[in-house]
Amino acid sequence: MKVAYYLDILKPHMPSLDLVARKLMEIEGMKNVRIKVDELDQKTASLHISVEGNDISLETVTEVLSSMNCALHSVDEVIYEHKE
Amino acid sequence: MKVAYYLDILKPHMPSLDLVARKLMEIEGMKNVRIKVDELDQKTASLHISVEGNDISLETVTEVLSSMNCALHSVDEVIYEHKE
Amino acid sequence: MKVAYYLDILKPHMPSLDLVARKLMEIEGMKNVRIKVDELDQKTASLHISVEGNDISLETVTEVLSSMNCALHSVDEVIYEHKE
Amino acid sequence: MKVAYYLDILKPHMPSLDLVARKLMEIEGMKNVRIKVDELDQKTASLHISVEGNDISLETVTEVLSSMNCALHSVDEVIYEHKE
Amino acid sequence: MKVAYYLDILKPHMPSLDLVARKLMEIEGMKNVRIKVDELDQKTASLHISVEGNDISLETVTEVLSSMNCALHSVDEVIYEHKE
Amino acid sequence: MKVAYYLDILKPHMPSLDLVARKLMEIEGMKNVRIKVDELDQKTASLHISVEGNDISLETVTEVLSSMNCALHSVDEVIYEHKE
Amino acid sequence: MKVAYYLDILKPHMPSLDLVARKLMEIEGMKNVRIKVDELDQKTASLHISVEGNDISLETVTEVLSSMNCALHSVDEVIYEHKE
Numbered sequence: 001m002k003v004a005y006y007l008d009i010l011k012p013h014m015p016s017l018d019l020v021a022r023k024l025m026e027i028e029g030m031k032n033v034r035i036k037v038d039e040l041d042q043k044t045a046s047l048h049i050s051v052e053g054n055d056i057s058l059e060t061v062t063e064v065l066s067s068m069n070c071a072l073h074s075v076d077e078v079i080y081e082h083k084e
Numbered sequence: 001m002k003v004a005y006y007l008d009i010l011k012p013h014m015p016s017l018d019l020v021a022r023k024l025m026e027i028e029g030m031k032n033v034r035i036k037v038d039e040l041d042q043k044t045a046s047l048h049i050s051v052e053g054n055d056i057s058l059e060t061v062t063e064v065l066s067s068m069n070c071a072l073h074s075v076d077e078v079i080y081e082h083k084e
Numbered sequence: 001m002k003v004a005y006y007l008d009i010l011k012p013h014m015p016s017l018d019l020v021a022r023k024l025m026e027i028e029g030m031k032n033v034r035i036k037v038d039e040l041d042q043k044t045a046s047l048h049i050s051v052e053g054n055d056i057s058l059e060t061v062t063e064v065l066s067s068m069n070c071a072l073h074s075v076d077e078v079i080y081e082h083k084e
Numbered sequence: 001m002k003v004a005y006y007l008d009i010l011k012p013h014m015p016s017l018d019l020v021a022r023k024l025m026e027i028e029g030m031k032n033v034r035i036k037v038d039e040l041d042q043k044t045a046s047l048h049i050s051v052e053g054n055d056i057s058l059e060t061v062t063e064v065l066s067s068m069n070c071a072l073h074s075v076d077e078v079i080y081e082h083k084e
Numbered sequence: 001m002k003v004a005y006y007l008d009i010l011k012p013h014m015p016s017l018d019l020v021a022r023k024l025m026e027i028e029g030m031k032n033v034r035i036k037v038d039e040l041d042q043k044t045a046s047l048h049i050s051v052e053g054n055d056i057s058l059e060t061v062t063e064v065l066s067s068m069n070c071a072l073h074s075v076d077e078v079i080y081e082h083k084e
Numbered sequence: 001m002k003v004a005y006y007l008d009i010l011k012p013h014m015p016s017l018d019l020v021a022r023k024l025m026e027i028e029g030m031k032n033v034r035i036k037v038d039e040l041d042q043k044t045a046s047l048h049i050s051v052e053g054n055d056i057s058l059e060t061v062t063e064v065l066s067s068m069n070c071a072l073h074s075v076d077e078v079i080y081e082h083k084e
Numbered sequence: 001m002k003v004a005y006y007l008d009i010l011k012p013h014m015p016s017l018d019l020v021a022r023k024l025m026e027i028e029g030m031k032n033v034r035i036k037v038d039e040l041d042q043k044t045a046s047l048h049i050s051v052e053g054n055d056i057s058l059e060t061v062t063e064v065l066s067s068m069n070c071a072l073h074s075v076d077e078v079i080y081e082h083k084e
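In order, the protein sequence lines correspond to chains W, Y, U, A, H, F and B.
For the first sequence, position 7 matches number 7 in our numbering, and the numbering has no gaps at all.
For the second sequence, position 33 matches number 33 in our numbering, and the numbering has no gaps at all.
For the third sequence, position 36 matches number 36 in our numbering, and the numbering has no gaps at all.
For the fourth sequence, position 62 matches number 62 in our numbering, and the numbering has no gaps at all.
For the fifth sequence, position 67 matches number 67 in our numbering, and the numbering has no gaps at all.
For the sixth sequence, position 53 matches number 53 in our numbering, and the numbering has no gaps at all.
For the seventh sequence, position 13 matches number 13 in our numbering, and the numbering has no gaps at all.
In short, the hints are calculated from the structure, not lab data.
A quick note: this is a predicted structure, and the numbers were derived from the prediction, not measured.
For every residue, glycine included, the Cβ atom is placed at its ideal position computed from N, Cα and C.
A hint or two may mislead.
Stated by the list, open to error - In silico lysine-lysine, DSSO-like type, Cα no more than 27 Å apart, as pairs: (1) B:Lys-23 with W:Lys-36; (2) A:Lys-31 with H:Lys-36; (3) B:Lys-31 with W:Lys-36.
Stated by the list, open to error - Among the chain Y residues that face chain W by a calculated CB cut under 7 Å, a handful are: (4) Leu-17; (5) Asp-18; (6) Ala-21; (7) Met-25; (8) Lys-31; (9) Asn-32; (10) Val-33; (11) Arg-34; (12) Ile-35; (13) Lys-36; (14) Val-37.
As the list claims (entries may be wrong) - If you want the ones that stay clear, here's a sample from chain B, every Cβ over 10 Å from chain W, calculated: (15) Leu-10; (16) Pro-12; (17) His-13; (18) Met-14; (19) Lys-36; (20) Leu-40; (21) Asp-41; (22) His-48; (23) Ala-71.
Chain W on its own, in the form it takes in the complex:
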């Protein structure tokens, strides 16, 4: 099953955007990760993250994000699709 999540995330200045993306790519089944900076504050960055993969779960995604000190602010969209 193809799964995609659109998430709003609060990230401290470290780790870097690049490192967060690379860690998310290591999740089993992950196909692509896209991180866009929405707003930069003094100590944090608001990010729009979209992840897409085969049978990925929101738990695994948020666990990886937590381990990178990123807080899940909200889940904006969820897409599921049966592969033909």
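Assemble the complex: chain W is given as a structure, and chains Y, U, A, H, F and B must be docked to it using the hints.
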């Protein structure tokens, strides 16, 4: 027959968006489910849900939504298509 | 000949959107039906209906709509195309 | 040669949109006809008509429109294309 | 070499749009001609003309337009492309 | 390597747009040239020029433009792409 | 792994846009580089740079930019994709 519904739904904070989507995917013939958060209130979330599948029925979809404590607010669009 | 009509319709609350769509799909040659809710009033709903099929006629479409208590408000667009 | 015309037309309430479109489709070489209602007045309707076909001529199109009591208000666009 | 020109033209009421387009189509190498009416004044019409062809020249295009009593107001865009 | 430049150019009334485009097309490797008129002043025209080709260089492009009495006002965008 | 970065950069007037782009193209795995001028000040230019390639790293990209006297102002977007 390909059928698609665009629905407005009121969901309490639990169950999660993810769980609602997964339950809808279990419906016979369902091909994809897309849930977008429209507005978040203290106790509820307004959702735009689009479901698409082969010979799915609105009754089954709303039954599954009810069983997840989601109230159908309105049906915005209905699409039917004969497969070639 | 491929024929498509874009219609504005006034529908009482019953029958349901879904039932109107299913009835229109039963018309000989009909390929797809799309119904979008434009405005909801206390007793009626204004609908944009698009129907597309092979050699369907406006009479048959409006007859089916009448039999469902739907009033044809206006014909917004008519498209005819000779199949290659 | 592929030819397309975009025309503004003034039509009395009768004949119907549907009949005008069907008559235009009978022109030799006509491939598709699209009629969109722009404005409805008490006695007339302003229409955007686009016709496309092989070696159709503006004279034939306007003759058919005249025979249906439709007045050509203006020619908005003319497209010619040599078939490969 | 594929060449396209986008021209602004001032045309008296006669000859007709249709005739101007047909004359331009007779130019050696011309592939398509598109004429859009921008503004209609009492005695003239402002037109956007786009012509596209193989090795057509601006001189030939403007000569044909002059012979039809059309004045070249401005050249808005010029596109050249080597055919693969 | 595919290279594209988007340039802002100031051109005196002569030479013509058409001649400038033809000269740019003579550059080795040039694939297409697109010149759009941005503003017409009494003595000059501001142009948006986009050129695309294989291994073309900005020097050659600006040299050709200089030889046509066109002044390079600014380089707006540069695109490089390795051919697959 | 396909990687793309969207960067905001501050560049002194020299080296030229063209040279910066060519240097970035020399990075191992780089597929395309696109530089757009956002704002021109007296001594500096604000640039939007997008780079895309196979297994390119942000470190290498910023090193090359530093060696060209360009300062990385911000990373706006990061995209990773597993090749099929």
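Now the hints, each set against the structure:
Only pairs whose Cα atoms come within 27 Å are accepted, and B:Lys-23 paired with W:Lys-36 is accepted, the gap being roughly 26 Å. Proximity of A:Lys-31 to H:Lys-36 is assessed by CA-CA distance (about 21 Å); at most 27 Å being required, the pair is judged to hold. With a C-alpha separation of about 21 Å, the suggested pairing of B:Lys-31 with W:Lys-36 holds against the 27 Å cut-off. For the restraint placing Y:Leu-17 at the interface with chain W, the shortest Cβ-Cβ distance is roughly 5 Å, inside the 7 Å limit, so the hint holds.
With its C-beta approaching chain W no nearer than about 5 Å, Y:Asp-18 sits inside the 7 Å limit, and its interface hint holds. Contact between Y:Ala-21 and chain W, as hinted, is supported at the beta carbon level, the nearest pair being about 5 Å apart and thus within 7 Å. Taking 7 Å as the C-beta cut-off, the interface hint given for Y:Met-25 holds, the closest approach to chain W being about 5 Å. Here the hint on Y:Lys-31 is kept, as its CB sits about 5 Å from the closest CB of chain W, short of 7 Å.
Hint status for Y:Asn-32 relative to chain W: holds, with the closest Cβ pair at about 4 Å, below 7 Å. A distance limit of 7 Å between C-beta atoms decides the matter here; for Y:Val-33 the minimum to chain W is near 5 Å, and the interface restraint holds. With a cut of 7 Å, the hint placing Y:Arg-34 at the interface with chain W holds, because the nearest CB-to-CB distance is about 5 Å. For the restraint placing Y:Ile-35 at the interface with chain W, the shortest Cβ-Cβ distance is roughly 5 Å, inside the 7 Å limit, so the hint holds.
At about 5 Å, the closest approach between the beta carbon of Y:Lys-36 and any beta carbon in chain W falls short of 7 Å, and the interface hint on this residue holds. Interface hint status for Y:Val-37: upheld, as the beta-carbon distance to the closest one in chain W is roughly 6 Å, under 7 Å. Taking the minimum C-beta to C-beta distance to chain W, about 16 Å, the non-interface status of B:Leu-10 holds against the 10 Å cut. Here B:Pro-12 stays apart from chain W, with its beta-carbon at least about 24 Å from theirs, past the 10 Å limit.
The Cβ of B:His-13 sits about 27 Å from the closest Cβ of chain W, beyond the 10 Å cut-off, so the non-interface label holds. The beta carbon of B:Met-14 is kept farther than 10 Å from every beta carbon of chain W, the shortest such distance being approximately 29 Å. For B:Lys-36, the non-interface assignment is confirmed: its Cβ lies about 17 Å from the closest Cβ of chain W, beyond the 10 Å cut-off. With a least CB separation of 24 Å from chain W, B:Leu-40 remains clear of the 10 Å interface cut-off, as annotated.
B:Asp-41, annotated as away from the interface, keeps every beta carbon of chain W farther than 10 Å; the closest lies near 21 Å. The beta carbon of B:His-48 is kept farther than 10 Å from every beta carbon of chain W, the shortest such distance being approximately 13 Å. Every Cβ of chain W is farther than 10 Å from the Cβ of B:Ala-71; the closest lies at roughly 16 Å, confirming the non-interface assignment.
Checked against the numbered hints above, the structure breaks none of them.
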